[in-house]
Amino acid sequence: MSNIHPTAIISESAQVDPSVIVGPYCIIGDNVSIAANTVLHSHVVVKKNTKIGQDNEIFQFASIGEDCQDLKYAGEDTWLEIGDHNSIRESCSFHRGTIQDKGVTKVGSHNLFMVNTHVAHDVVIGDHNVIANNVGIAGHCHIGNHIVLGGNSGIHQFCKIDDFSLVGGQSLILKDVAAMVMVSGNPAKAHGLNIEGMRRKGWSKESINHLRQAYKVIFRSGLTTKQAIEKLESELLPKEEKIRFLIESLTNSKRGITR
Numbered sequence: 001m002s003n004i005h006p007t008a009i010i011s012e013s014a015q016v017d018p019s020v021i022v023g024p025y026c027i028i029g030d031n032v033s034i035a036a037n038t039v040l041h042s043h044v045v046v047k048k049n050t051k052i053g054q055d056n057e058i059f060q061f062a063s064i065g066e067d068c069q070d071l072k073y074a075g076e077d078t079w080l081e082i083g084d085h086n087s088i089r090e091s092c093s094f095h096r097g098t099i100q101d102k103g104v105t106k107v108g109s110h111n112l113f114m115v116n117t118h119v120a121h122d123v124v125i126g127d128h129n130v131i132a133n134n135v136g137i138a139g140h141c142h143i144g145n146h147i148v149l150g151g152n153s154g155i156h157q158f159c160k161i162d163d164f165s166l167v168g169g170q171s172l173i174l175k176d177v178a179a180m181v182m183v184s185g186n187p188a189k190a191h192g193l194n195i196e197g198m199r200r201k202g203w204s205k206e207s208i209n210h211l212r213q214a215y216k217v218i219f220r221s222g223l224t225t226k227q228a229i230e231k232l233e234s235e236l237l238p239k240e241e242k243i244r245f246l247i248e249s250l251t252n253s254k255r256g257i258t259r
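All residue numbers for the sequence shown refer to the working numbering, where the first residue is 1 and numbers rise by one.
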């Protein structure tokens, strides 16, 4: 019995592993590759120039690899790359990149994209993230690893959200979010560390206490960014290596940190 439903339409230039399940009324376009054991439920559209890894599950009405909504886009060949073991729920939309950036939108592995998530052009997303219903991620954003983005949140273009952070529901992100920090609101503000996330990952009480101290240095001491980094490097980093995540967030931020 074929894994491809007879109503599905697949381009001759597409490369679909024989183990892939393609449900009713799916459309797979030109220059698409789909690796082993991925499942496309009914009415999924994979437009073109898209690479999908193995063991992904894509639900009905998802639009994958469509032309981006950037007005500068003029039909150039750009790409979307999706890793392995992702769950992409109903009505999600993932757009390809633009030549104004690197020409590719990249999604890592082991992510959950809940209903109606939008991933815009040139976005880069890491691994093990949970992105809740109706989240909109604008162009050129970078989302790290082990992050939770609460439902109905909007991420402004070019923002960076660093590892282990948490964005509360219905938040508007206008600046970068530092690693391990919990933010929420419109516009978003920092409300402490993502302590519950740390506990779930088995981080020790000692590590969490050192990170609490680092948070106070950055967000509550009144120090400049340069002064805060110097204090973290000299006093706290020798005690807790994970503080390096926070230092890198401060050092690499181009839009400023959500405070």
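I should point out that these hints are in silico values taken from the structure, not numbers from a laboratory. Please note that a few of the clues may not be correct.
As the list claims (entries may be wrong) - Distance condition first, Cα-Cα at most 30 Å in a straight line; then the derived DSBU-like pairs of lysine-lysine:
1) Lys254 with Lys201
2) Lys231 with Lys72
3) Lys106 with Lys216
4) Lys242 with Lys189
5) Lys175 with Lys226
6) Lys254 with Lys216
7) Lys205 with Lys106
Said to hold, decoys possible - Restraint-style ranges between C-beta atoms, simulated for each label pair:
8) Glu12 with Ser42: 35 to 43 Å
9) Ser11 with Leu223: 50 to 58 Å
10) Arg200 with Ser13: 16 to 24 Å
11) Lys102 with Glu233: 45 to 53 Å
12) Ser42 with Ile195: 37 to 45 Å
13) Leu71 with Arg200: 18 to 26 Å
Every residue, glycine too, gets a C-beta built ideally from N, C-alpha and C.
Evaluated hints:
1. Lys254 with Lys201: Holds, at about 29 Å.
2. Lys231 with Lys72: Roughly 44 Å between the alpha carbons, so the hint for Lys231 and Lys72 is violated.
3. Lys106 with Lys216: violated, 34 Å
4. Lys242 with Lys189: holds, 22 Å
5. Lys175 with Lys226: holds, 18 Å
6. Lys254 with Lys216: Distance ~22 Å between Lys254 and Lys216 Cα, so the pair holds.
7. Lys205 with Lys106: violated, 35 Å
8. Glu12 with Ser42: 35 to 43 Å: Since the Cβ atoms of Glu12 and Ser42 sit about 22 Å apart, the hinted range of 35 to 43 Å is violated.
9. Ser11 with Leu223: 50 to 58 Å: holds, 57 Å
10. Arg200 with Ser13: 16 to 24 Å: At 44 Å between Cβs, range violated.
11. Lys102 with Glu233: 45 to 53 Å: violated, 31 Å
12. Ser42 with Ile195: 37 to 45 Å: holds, 41 Å
13. Leu71 with Arg200: 18 to 26 Å: Since Leu71 and Arg200 have Cβ atoms about 42 Å apart, the given range 18 to 26 Å is violated.
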